[in-house]
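Here the structure of chain A is known, so what remains is to put chains B and C in place on it, guided by the hints.
Going line by line, the protein sequences match chains A, B and C. Counting the first sequence from 1 gives a position; this note's numbering is that position plus 20. Counting the second sequence from 1 gives a position; this note's numbering is that position plus 89. Counting the third sequence from 1 gives a position; this note's numbering is that position plus 1037.
Simulated from the structure, these hints should not be mistaken for laboratory data. Each residue gets a CB set at the ideal place from its N, CA and C atoms; glycine is no exception.
Each computed DSSO-like pair below joins lysine-lysine, with the alpha-carbon atoms no more than 30 Å apart:
1. 134/A x 175/B
2. 99/B x 102/A
3. 99/B x 1187/C
4. 1187/C x 420/A
5. 92/A x 1187/C
Chain C stretches covered by chain A per the calculated footprint, using a threshold of three residues with CB under 8 Å from any CB of chain A:
6. 1099-1111
7. 1150-1161
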Amino acid sequence: MSFDPDLMPLVPALRHWLIVIGGLSAAAILVSLLSMLVIHGGKCLQLFADEVQGFLTDLVSISIRRVFALAKLTFMEAYRRKALLVFVVFALLFMFAGWFMGNDGEEITKPTVKLYISFVLRAITWLTLPLMFILSSFGIPEEIRLRSLHTVVTKPARRLEIVLGRVLGFTALGSLVLVVMSVVGWIWIVRQIPADARSMLICRVPVRGNLSFKDRNGQDVEKGINVGDINEFRSYIEGATKARAIWTFSGIGENSLDSEGNLHIENQFMAFRSYKGDMNRQLLFDYQFRNPEKNITYTTQAWPIVEKRGVTKAIPRKLEVPSEGKTYDLIKDFVTSDGNLIVEVSCIDREQYLGMARIDLFIRLPDQNFAVGFFKAVFGIEMIMILVVLMGVCASTFLKGPIATALTFILFILSGEDTHKFMDQLIGGKSIKDGWQGGGFFESIYRIVTHMNPTTDLPANYAFTIMQGVDWVLTFFLWTCKQVIPHLKYFNMQEYVANGFDVPFDQSLGPCLLITLAYVLPCVLLGFFALRIRELESK
Amino acid sequence: MTSLTSQQRKLVYLCGILILLIPIISLGLPASGKDSPGGTLTRLRTKYELGESDLGKVDPSGAAMNLVLLGMRGVAVNLLYTQFEKERDAKQWEEMRATTESIVRLQPHFEKVWEMNGWNLAYNTSAEWDAVEDRYYYVKVGGLFMKRGVEQNRKSTHLQYHVANVYQKKIGNADEAKYYRNYFLHDPDPKFENGPDPAFNPDIMDNYLVAKKEYIRACQIEDTEHRPQHILDRTLFRSMPARCQFDYAQVLQKDGKFGEVTREAWNEALSDWTTKYGQEVFSIPIGDLNNPVKFDIRLGMSRDDIKKEIANPDDVVRVTDMVDRYRKMVNYYYWTTRGNCESEQTTAEAHRSLYEASQKYKSQEFDKALELSFAGMTGFDKILHQPEYNELKSEDTLVEECLLGIRVWKGIQELGQLKIPNDYPLKWLEVEHQGNTQLQQNVERAYKRAFLQ
Amino acid sequence: MSLSGPSTDSVIQIRNLSKVYRDFWGRPKVKALNALTLDVRPGEVFGLLGPNGSGKTTTMKLLLGLLFPTEGEIKILGKSAADVGKNERIGYLPEESYLYRFLNAYETLDFYGRLFDMPAAKRKERSEQLLDLVKLAPQARHRQLKEYSKGMTRRIGVAQALINDPDLVMLDEPTSGLDPLGNRDMKDLILDLKKQGKTVLMCSHLLADVQDVCDRIAILYGGELKVMGRVDELLKAQDETQILSSKLSPEAIRDVEAVLKKHGANILKVDQPTANLEDLFLKTVQESRERPGHRTVKEGTAS
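Just chain A, with the same shape it has in the complex (with noise of 0.2 Å):
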């Protein structure tokens, strides 16, 4: 798939956030409340209440020197263990890399550009996150084994300290680790393209729009034409019509120029012919400028569409209309009054079709060095990293190293896209409300040893309901693993950066650091909590 940055809603997903910790922190008090009242009968109010207290004496008597200490120690720890010999796998792939990577005297070509950063990004990230799951998972509870703890809980060092300390040193060793990996990576890539070939190492820094259509008839529709394409990410406009698409950017002013004044637009859309026409000409496009509020529209000339690799023009700011005798200012007159500027595109060949989606068309601001979009995808990668960290070091103050280790390695494979949509459509609908389609868990297997319709009703008897019952827990059960579950849309900054992208902080960073924040503080105080619970002395 094309990827499609979009942005993250930052208030609802606040609210989800609240709703999903205050949601599990209340069912959490509750069971140990009636646990407690189980095992202690009438004393558990008081048990609970000192509990409560130990807690946040604990919490607010946390002191940064311990945290560092324990940080550093991790750190030696892993250090003096030799975890570093990662570096001496990094660097044997790198060594014979280039011989499953060579381009037997190939040209370079966008293409392998785009294997080589994908490369390199995907080996740090290969390289690192096995590290970090093993090294996270196994920490605490070989502590305990060799009860080397014990020295360290006898002294003041709170659990949360410990829990904390653990999940800095490892974010220390690890940022070391990629730091050293991605310089080399970097310098590889760089390498591995010859001179002359290193323009296509670009950072561009797109402003994108939102994209709407309009039909042949001029009417506002959603989407373009289906030009008979399984994959339905672009639609069509029809040529010689109304048909427009519409982008419209936000925040365009007079520091969206470059040096020179002028506004680079760039697109890249794909041609649909209903007739093959000349073949020896591309189709043309052509952009409209318009603004609503004063009613004025300029028209650009007509350019002839690259497909695949795109068409940056520039536009200059003093857009003149010789016919009318008028000169408008790009900025003073197009831009609204709400810092909107809105592109239409029309295709300009009759009967003949532009395809495009909302990626395809961008201001294209002024380019970044490559390094640092390069460098802004091994933050992705950090972030990640931390994640893992986190789930690793948690996990651990429960579970046995190993156990940790495969917890937190299923927490990371079901993070993607795809595991995500997939609960999506077994939970029904990103509420539970919503239903789902043959029933949940037990009502599908009967429906399907049945040979059940799923339109079909099923017979209304307590068995039944019961039933339904069931799979409704179950499914509530799937639905918070899902929320618990990260996911990680947002962190794929590879694909930004081997598409010659920067990574942009609005639609990619942003989000990532929100998500990866959001994690420190259940995973932390989780992990305090299980071990502060937990007698350190395992038999």
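Frame of chain A, contents of chains B and C only:
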């Protein structure tokens, strides 16, 4: 016990590793271009055509690579095909091509894989592009892809046939043939400096001649490797080289090249057809389906030849019958006649007159055009009245050419508001084909395209 | 929480403490400690004695909060065992020194010093002081702990337990794995701590250790308290008197015997006092340090 310190021991290990690396590199180094043939293993691999271990562009960090390393090649290929389909549906052609590369690296001796993917690139993918250069690029990619398949599978008649097929049909017969054939000699990629892509057209020849060469290779593979093909009936399959020569001669005429080169081309085509192809031996089963008798026949055999070779008079009748049937199937007589006809000076003259008439008409030299078209019509009238070329009267391309000549001739007179005479050369041909609307349309379209642009 | 009992100023108060180890399903497996009640007073050296598995270590871990009591109450330095704050004033030497084997001596002490939130200068000063105190050879101090012998590990273990200058020192089998010289050092150290007014709680199964340094002991067996009291009182044989003098001639011994008989005392044994092996070993080492090359050979053995 050793008296080495830990550090010394580590140094010894390091040296050991480095020493072990030397044989690994000398054994395993892959080939990189012509200068370095690669390590021993690579050279052996090349020698014995065992390219599997050359994993090439399979992304070493990708999931597919992991599966391969775990011995699950089939699963990896499955995964790659899924990816391939996704990329195809999303029109990510470059990515799809890279995936294709990975697939063939994993299955380098699976002929169908080469054929299917090469075809997909040359025919399906190329058609998805808007710019003709882009289309040609993918035709080339597909063709080269199949050529590489042939390198990996030197004993495959099928693949060799498909390579030739791309040169002949995809480049020669496509709607964009005019551009493709030009690009074949003058690649649009600036790095070839207006020359052909040396990988695709190493000898700088016409695409039909390259196709002919490739078809001949396919025939050779069939002969030497005893690997029969199952694409066409063998008589048709063996006719391909000669047919390419005919195509070449025809296209020269179409491009307005007359004279010695063209006549030579026709001559060679004729000789390819009658002396080479006509003398090929086909083993034909005749008689009872369950118990057929095999006879060796040649399409160029005369009745006397048959009588000489076969004793049983019953068999003579049956073999004659069979030979006739095969000749009809491959249009043996037609092409012989055509070849004979086109090698004649008068035919060449008539072609040239009609072609030049169109050119003059285009440049609005109407008097000359009128004269030339009439000369051409007269020429063809004469040729077609010869009994030995009787068969050509129903040959579409030739008839089309003649009718177009008449159309030009009439058009000029309409423009000059002259009265068209009641009788003129080739009028009988016009009358004969009056009912053929398809033909009429073609002529009309060609006329419009040529003159009303 | 309220603790009843006479000595509210005790450093450690244990009331009715029980610990049951459970298996995975929560079923009771072992009753490690049963209704233990004892107090440790400020400034005393208190010894927990008993054979292996008698509950000494369990008691200590309960006190430190490494284990949670099944029943009963603990107050240590006036705080609950679960309160991490109490650790500020406690030094703990585990049964085996479970230290970080990849750190060297300085790093170890620095790390533990940081856990007490000590500033860098103080950590450095204190580390040097302690390493001298436990007599860790200077050349060993920069080596990683994994290269240490058991005795060296023990020494660094003691040093880390004292890093915060604790009021209460808890020593789990302090002399285990030490050679006699180390053993002596350890005992001296404990007595030294006592002199400084610190409270020491130690547990051991070696009576000799306890006898020399402890003011009071408690003997545990099978998780239950069997005997508790002052060492001298516990060890004193109430119906015997021992007289020690310089070497007497046989005539003098006869005179003394006569005097004793006159007072109606029954003489049980007359011989020269023998030092125990430990004393002898120490004396020998001491002497060989002061006079290198000197050999003491008893008459009649070298022939």
